[in-house]
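Sequences and hints are given; from them, build the entire structure.
Chain by chain, the residues run as shown.
There are 2 protein chains.
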Amino acid sequence: MCTRPHPAARKAAERFLAANPGDPATYGTVAELEARAVSLLGQVTELPSPNGYVTSGGTEANIQAIRAARNLAETDNPQVVAPESAHFSVQKATNVLGVDVEFVPTDDDDRADPDATRAAVCEDTVLVIAVAGTTEYGRVDPIPALGEIAHTAGARLHVDAAWGGFALPFTGHDWSFADAPVDTMTIDPHKLGQAPVPAGGLLTRDAETMDALAVDTPYLETRSQASLTGTRSGAGVAGAVAAMEALWPAGYREETERVLAEARWFAGELDARGYDVVAPELPLVAVDLPERLFDALREEGWRVSRTRRGEARVVLMPHVTRETLRAFLDDCDRIA
Amino acid sequence: MCTRPHPAARKAAERFLAANPGDPATYGTVAELEARAVSLLGQVTELPSPNGYVTSGGTEANIQAIRAARNLAETDNPQVVAPESAHFSVQKATNVLGVDVEFVPTDDDDRADPDATRAAVCEDTVLVIAVAGTTEYGRVDPIPALGEIAHTAGARLHVDAAWGGFALPFTGHDWSFADAPVDTMTIDPHKLGQAPVPAGGLLTRDAETMDALAVDTPYLETRSQASLTGTRSGAGVAGAVAAMEALWPAGYREETERVLAEARWFAGELDARGYDVVAPELPLVAVDLPERLFDALREEGWRVSRTRRGEARVVLMPHVTRETLRAFLDDCDRIA
Numbered sequence: 387m388c389t390r391p392h393p394a395a396r397k398a399a400e401r402f403l404a405a406n407p408g409d410p411a412t413y414g415t416v417a418e419l420e421a422r423a424v425s426l427l428g429q430v431t432e433l434p435s436p437n438g439y440v441t442s443g444g445t446e447a448n449i450q451a452i453r454a455a456r457n458l459a460e461t462d463n464p465q466v467v468a469p470e471s472a473h474f475s476v477q478k479a480t481n482v483l484g485v486d487v488e489f490v491p492t493d494d495d496d497r498a499d500p501d502a503t504r505a506a507v508c509e510d511t512v513l514v515i516a517v518a519g520t521t522e523y524g525r526v527d528p529i530p531a532l533g534e535i536a537h538t539a540g541a542r543l544h545v546d547a548a549w550g551g552f553a554l555p556f557t558g559h560d561w562s563f564a565d566a567p568v569d570t571m572t573i574d575p576h577k578l579g580q581a582p583v584p585a586g587g588l589l590t591r592d593a594e595t596m597d598a599l600a601v602d603t604p605y606l607e608t609r610s611q612a613s614l615t616g617t618r619s620g621a622g623v624a625g626a627v628a629a630m631e632a633l634w635p636a637g638y639r640e641e642t643e644r645v646l647a648e649a650r651w652f653a654g655e656l657d658a659r660g661y662d663v664v665a666p667e668l669p670l671v672a673v674d675l676p677e678r679l680f681d682a683l684r685e686e687g688w689r690v691s692r693t694r695r696g697e698a699r700v701v702l703m704p705h706v707t708r709e710t711l712r713a714f715l716d717d718c719d720r721i722a
Numbered sequence: 387m388c389t390r391p392h393p394a395a396r397k398a399a400e401r402f403l404a405a406n407p408g409d410p411a412t413y414g415t416v417a418e419l420e421a422r423a424v425s426l427l428g429q430v431t432e433l434p435s436p437n438g439y440v441t442s443g444g445t446e447a448n449i450q451a452i453r454a455a456r457n458l459a460e461t462d463n464p465q466v467v468a469p470e471s472a473h474f475s476v477q478k479a480t481n482v483l484g485v486d487v488e489f490v491p492t493d494d495d496d497r498a499d500p501d502a503t504r505a506a507v508c509e510d511t512v513l514v515i516a517v518a519g520t521t522e523y524g525r526v527d528p529i530p531a532l533g534e535i536a537h538t539a540g541a542r543l544h545v546d547a548a549w550g551g552f553a554l555p556f557t558g559h560d561w562s563f564a565d566a567p568v569d570t571m572t573i574d575p576h577k578l579g580q581a582p583v584p585a586g587g588l589l590t591r592d593a594e595t596m597d598a599l600a601v602d603t604p605y606l607e608t609r610s611q612a613s614l615t616g617t618r619s620g621a622g623v624a625g626a627v628a629a630m631e632a633l634w635p636a637g638y639r640e641e642t643e644r645v646l647a648e649a650r651w652f653a654g655e656l657d658a659r660g661y662d663v664v665a666p667e668l669p670l671v672a673v674d675l676p677e678r679l680f681d682a683l684r685e686e687g688w689r690v691s692r693t694r695r696g697e698a699r700v701v702l703m704p705h706v707t708r709e710t711l712r713a714f715l716d717d718c719d720r721i722a
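Sequences listed follow chains A and B, in order.
When the letters of the first sequence are read in order and numbered with my numbering, they come out as residues 387 to 722.
When the letters of the second sequence are read in order and numbered with my numbering, they come out as residues 387 to 722.
Be aware that one or more of the hints could be misleading.
Said to hold, decoys possible - Listed next, the stretches of chain A that the computed footprint assigns to chain B, with coverage defined by at least 3 CB atoms under 8 Å from CB atoms of chain B:
| id | region |
| --- | --- |
| 1 | 398-407 |
| 2 | 437-446 |
| 3 | 580-588 |
To be verified - Over the 12 Å line for every Cβ pair with chain A, so calculated as not near, a few chain B residues:
| id | residue |
| --- | --- |
| 4 | M387 |
| 5 | A399 |
| 6 | F402 |
| 7 | R422 |
| 8 | P491 |
| 9 | R504 |
| 10 | D510 |
| 11 | T538 |
| 12 | D602 |
| 13 | A632 |
| 14 | A636 |
| 15 | G660 |
| 16 | V663 |
| 17 | A682 |
Hints in this document: simulated from the structure, not taken from any laboratory.
All values reported here derive from a predicted model rather than from experimental measurement.
For every residue, glycine included, the Cβ atom is placed at its ideal position computed from N, Cα and C.
Here it is in structure tokens:
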């Protein structure tokens with residue numbers, strides 16, 4: 387789900403290969419760039435005064451969102467409720483943090499089910515997780531409804547838009563801080579944002595969330611550090627800013643419209659060949675291919691992976707063109 | 387504690403700005419490079435068949451070492467024992483992981499005290515942490531003695547050589563997997579290893595430690611993932627390999643000898659001016675400067691920071707030359 391970085395982003399990243407945003411008093415320029423990155427991410431996600439930071443990726447941001455909810459809650463047995471479609475980093479995060487997690491079945495269209503979510507929350511629930519662009523099917527959960535369920539239960543709402551975040555502003559989905567009572571959000575510039583790896587993002591509506599993550603930092607000339615990792619990538623921060631400045635909003639809009647059109651065309655072509663296709667809503671096509679064909683395509687070098695139900699996942703990142711898709715279809719036809 | 391990357395490392399990093407070692411089946415070249423990085427780190431730390439991976443830095447590696455000890459232990463109340471000189475990431479890690487930590491006072495020379503450590507371990511102790519090159523004073527703890535205490539108590543031994551690891555092979559200290567019963571070690575190529583940020587390292591003596599960190603990874607074409615973060619930096623991995631191939635062992639030896647000589651010269655110059663200097667053992671000089679002078683030096687742009695006791699910390703990373711140190715001393719003389 388990563389892509390070729392935007393040329394301006396690559397250039398910016400190369401200038402900051404030795405800078406550490408984890409030590410802002412020493413690396414002042416990159417600290418300013420990080421503030422700029424957070425501000426730009428606030429524009430993308432419709433949060434006028436954003437708090438947050440540039441993470442190593444979606445996993446770190448998801449860990450931190452759950453950690454903040456755990457640290458801010460009163461309960462001794464914190465529990466997180468997430469759809470079964472949530473990224474596997476949620477499982478990792480709850481293992482790391484010692485938090486219980488209840489995975490709720492999704493509906494027939496692979497979206498979080500509000501009724502099942504309501505039934506799963508309890509007095510120990512500290513966080514409900516919603517996904518805006520699932521890893522397997524590119525689905526967007528009913529985020530406003532999940533937010534109401536979370537807040538009614540005294541829990542927080544986290545939206546994982548790690549992959550979908552830079553496409554969603556140009557679709558009709560309700561997903562942003564303006565659309566729903568979102569407390570924290572994961573959104574990764576290094577995926578559809580076309581920044582170089584590693585550049586993820588954690589955004590929070592309030593400053594208290596960052597305080598809940600902070601630990602003291604002796605021998606740095608700053609008071610505290612709220613990130614999960616210590617040393618962080620200056621290249622990622624600088625690259626993220628350069629990519630967003632180059633592409634937000636017109637470039638991302640154009641790219642989203644292009645890849646969405648390609649996804650629909652590609653899904654139609656697969657359907658016409660008799661394969662079961664999951665109708666795409668974001669630039670990701672899941673298609674039921676025979677196992678032998680899937681294996682042969684991997685061997686040909688096609689970077690497709692598999693959903694848990696066994697469909698092939700084709701992610702139409704910005705570097706994917708009609709020509710690439712045609713070559714893939716040609717290989718399908720030849721091998722099948 | 388970061389430095390200008392070695393030119394070969396920078397070049398290698400630039401080639402892999404879009405590659406993700408977190409998805410080895412898709413990014414095969416960088417996965418091979420990561421295996422090479424771990425093998426080279428094994429040479430540096432005297433571990434013939436190393437397990438481990440390239441982390442985002444020392445903080446991630448320390449979190450993971452504590453997480454593995456927690457996950458492998460039987461107790462419901464896991465406790466970690468660390469010297470008070472341990473890096474602040476230990477505090478962060480225990481907060482993240484929900485593990486108790488007991489910080490043990492250091493001796494008069496700022497090293498972990500074996501007697502105090504022995505008194506602090508209990509039946510819930512899962513890990514004893516030793517530091518090989520403390521952040522504040524560059525001290526190396528009595529690692530063989532701490533290893534014996536840990537193993538006698540049924541706990542594991544973790545060595546944090548994040549900063550010192552690439553200098554220690556050329557000193558007389560006992561610190562490596564060959565010198566002591568070390569279970570896990572943190573060693574960061576992006577510090578004295580001259581790799582670009584982010585490239586840290588976690589090494590483990592046995593494969594079970596990595597298993598204790600693994601979570602399932604649906605929709606990746608690999609079975610599991612043991613890293614803390616998900617997407618990781620291909621640039622960091624490629625840069626680390628290039629730096630180690632260029633510099634291990636002769637280049638690191640030469641650099642260590644040069645900066646150690648500079649540190650001793652610099653400490654002598656400060657001492658001659660009447661300032662209290664902590665005698666350097668690794669390329670780090672702590673010196674008691676008047677507060678006004680410290681603040682003025684920061685304002686002049688000198689990237690010095692402070693120990694918890696208030697000394698100025700000057701870290702002699704590979705980019706620091708005699709000329710730089712002379713300019714610093716000149717500024718001290720002018721301002722004082």
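Status of each hint after checking the structure:
1. 398-407: holds (count 6)
2. 437-446: holds (count 5)
3. 580-588: holds (count 4)
4. M387: Violated, since 8 Å does not exceed 12 Å.
5. A399: Violated: least Cβ distance 6 Å, not greater than 12 Å.
6. F402: Non-interface label fails for F402/B: nearest chain A Cβ at 8 Å, not farther than 12 Å.
7. R422: holds (19 Å)
8. P491: Label holds. Min Cβ-Cβ 15 Å, cutoff 12 Å.
9. R504: Check passes; 26 Å lies beyond 12 Å.
10. D510: holds (15 Å)
11. T538: Label holds. Min Cβ-Cβ 27 Å, cutoff 12 Å.
12. D602: It is violated; D602/B is separated from chain A by about 7 Å at its closest Cβ, not greater than 12 Å.
13. A632: holds (16 Å)
14. A636: Consistent with the label, A636/B stays out of reach of chain A, its closest Cβ about 23 Å off (over 12 Å).
15. G660: Its Cβ never comes within 12 Å of chain A, the nearest being 24 Å, so this holds.
16. V663: Non-interface label stands for V663/B: nearest chain A Cβ at 17 Å, farther than 12 Å.
17. A682: The claim stands: A682/B keeps its Cβ more than 12 Å from every Cβ of chain A (closest is about 14 Å).
Comparing the model with each numbered hint stated earlier shows that hints 4, 5, 6, 12 do not hold.
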